[in-house]
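Numbering (full-length UniProt numbering), first residue to last: 1 to 266.
Rather than coming from a laboratory, the hints here were simulated on the basis of the structure.
From a predicted model like this one, the values you see are computed outputs, not experimental measurements.
Some clues are possibly wrong.
Claimed, not checked - Here are the computed lysine-lysine pairs in the DSS-like style, where the Cα-Cα straight-line distance is at most 27 Å:
1) LYS18 with LYS176
2) LYS176 with LYS198
3) LYS159 with LYS176
Claimed, not checked - Label pairs and their in silico Cβ distance ranges:
4) SER28 with GLU192: 17 to 27 Å
5) SER158 with GLU80: 40 to 50 Å
6) PHE35 with GLN72: 38 to 48 Å
7) GLY190 with ARG104: 37 to 47 Å
8) SER28 with GLN72: 19 to 29 Å
9) SER204 with ILE139: 30 to 40 Å
10) SER28 with LEU168: 27 to 37 Å
11) PRO125 with GLU80: 30 to 40 Å
12) PHE35 with SER61: 42 to 52 Å
Where is the CB? At the ideal position from N, CA and C, for every residue including glycine.
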Amino acid sequence: MATATPNLLQPPNFTCVKSLSESSALTSIPSTYTFTTDPNQLLAFEPQHSIPIIDFSLLTSGDPDQRSRAIQDLDQACLEWGFFMLINHGVPESLMTGMIEACRGFFDLTEEEKLEFQGTHVLSPIRCGRSFNARVDQILFWRDFLKLFVHPQFHSPSKPAGFSEVCLEYTQSIRKVVGELLKGLSKSLGLEEWYIDKTMNMDSGLQILIGQPLSTCPQPEYAMGLPASFRPQLLDPPHTEWDWWASGAAQRTLGRCESNPQLHFG
Numbered sequence: 001m002a003t004a005t006p007n008l009l010q011p012p013n014f015t016c017v018k019s020l021s022e023s024s025a026l027t028s029i030p031s032t033y034t035f036t037t038d039p040n041q042l043l044a045f046e047p048q049h050s051i052p053i054i055d056f057s058l059l060t061s062g063d064p065d066q067r068s069r070a071i072q073d074l075d076q077a078c079l080e081w082g083f084f085m086l087i088n089h090g091v092p093e094s095l096m097t098g099m100i101e102a103c104r105g106f107f108d109l110t111e112e113e114k115l116e117f118q119g120t121h122v123l124s125p126i127r128c129g130r131s132f133n134a135r136v137d138q139i140l141f142w143r144d145f146l147k148l149f150v151h152p153q154f155h156s157p158s159k160p161a162g163f164s165e166v167c168l169e170y171t172q173s174i175r176k177v178v179g180e181l182l183k184g185l186s187k188s189l190g191l192e193e194w195y196i197d198k199t200m201n202m203d204s205g206l207q208i209l210i211g212q213p214l215s216t217c218p219q220p221e222y223a224m225g226l227p228a229s230f231r232p233q234l235l236d237p238p239h240t241e242w243d244w245w246a247s248g249a250a251q252r253t254l255g256r257c258e259s260n261p262q263l264h265f266g
């Protein structure tokens, strides 16, 4: 008789953060979620500074002057900030809303249903859980997540109904937008516009979608959703506000991203 493959990521008494946060008895976070915060590492947002905005329609414009100015804006945003807000990107609002609702539907599944998609390895193409490796991590992140490898091979959970179709359309749309951004980034670095795409072999590059619900926390000063240097993507487009974390042109290399505390789709 066949035996089930043991899960090497989640402890046997796994409880999702969503269930914890919705408990009326929760007044403080469990010790396994408590981080010691270094005040020197906290970043203060200065409201007098405006987040840079990149107009995608100008970046892809047939007017050479408009495109040149947009590329200059992109270069400056990456150099000085490392991120920017993208507008007029052409991804339908209905599709973005549909992706959020699909993820919400997944996290509303029963614990038993979500267990089907836990994965058995950190590189499982479909994986949901909480911390990076909750079985061995001494301190856990205050988050639940769904992580999918969607390119070059598309993977999606079979539940809830309709999730796969929305996910495929959404991630394909994001990939097209990213392709145009990479052209602009290449030009901003004084390179041929296909340079980054070809050098990094983007056709076979890994595209990952991560859905993460925003769970309330009774002691947010002691909890951590993600560490600041957690995300290694070339470009990371947080869905909710569509501000794009552009790796590396800030350092004239392509490597570093920060995280956003809401739903993440990359």
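Right, here's what the structure says about each hint:
no., hint, in the structure
1, LYS18 with LYS176, "violated, 33 Å"
2, LYS176 with LYS198, "holds, 15 Å"
3, LYS159 with LYS176, "holds, 26 Å"
4, SER28 with GLU192: 17 to 27 Å, "violated, 56 Å"
5, SER158 with GLU80: 40 to 50 Å, "holds, 44 Å"
6, PHE35 with GLN72: 38 to 48 Å, "holds, 40 Å"
7, GLY190 with ARG104: 37 to 47 Å, "holds, 43 Å"
8, SER28 with GLN72: 19 to 29 Å, "violated, 50 Å"
9, SER204 with ILE139: 30 to 40 Å, "holds, 35 Å"
10, SER28 with LEU168: 27 to 37 Å, "violated, 41 Å"
11, PRO125 with GLU80: 30 to 40 Å, "holds, 37 Å"
12, PHE35 with SER61: 42 to 52 Å, "holds, 45 Å"
Checked against the numbered hints given earlier, this structure breaks hints 1, 4, 8 and 10; the rest are met.
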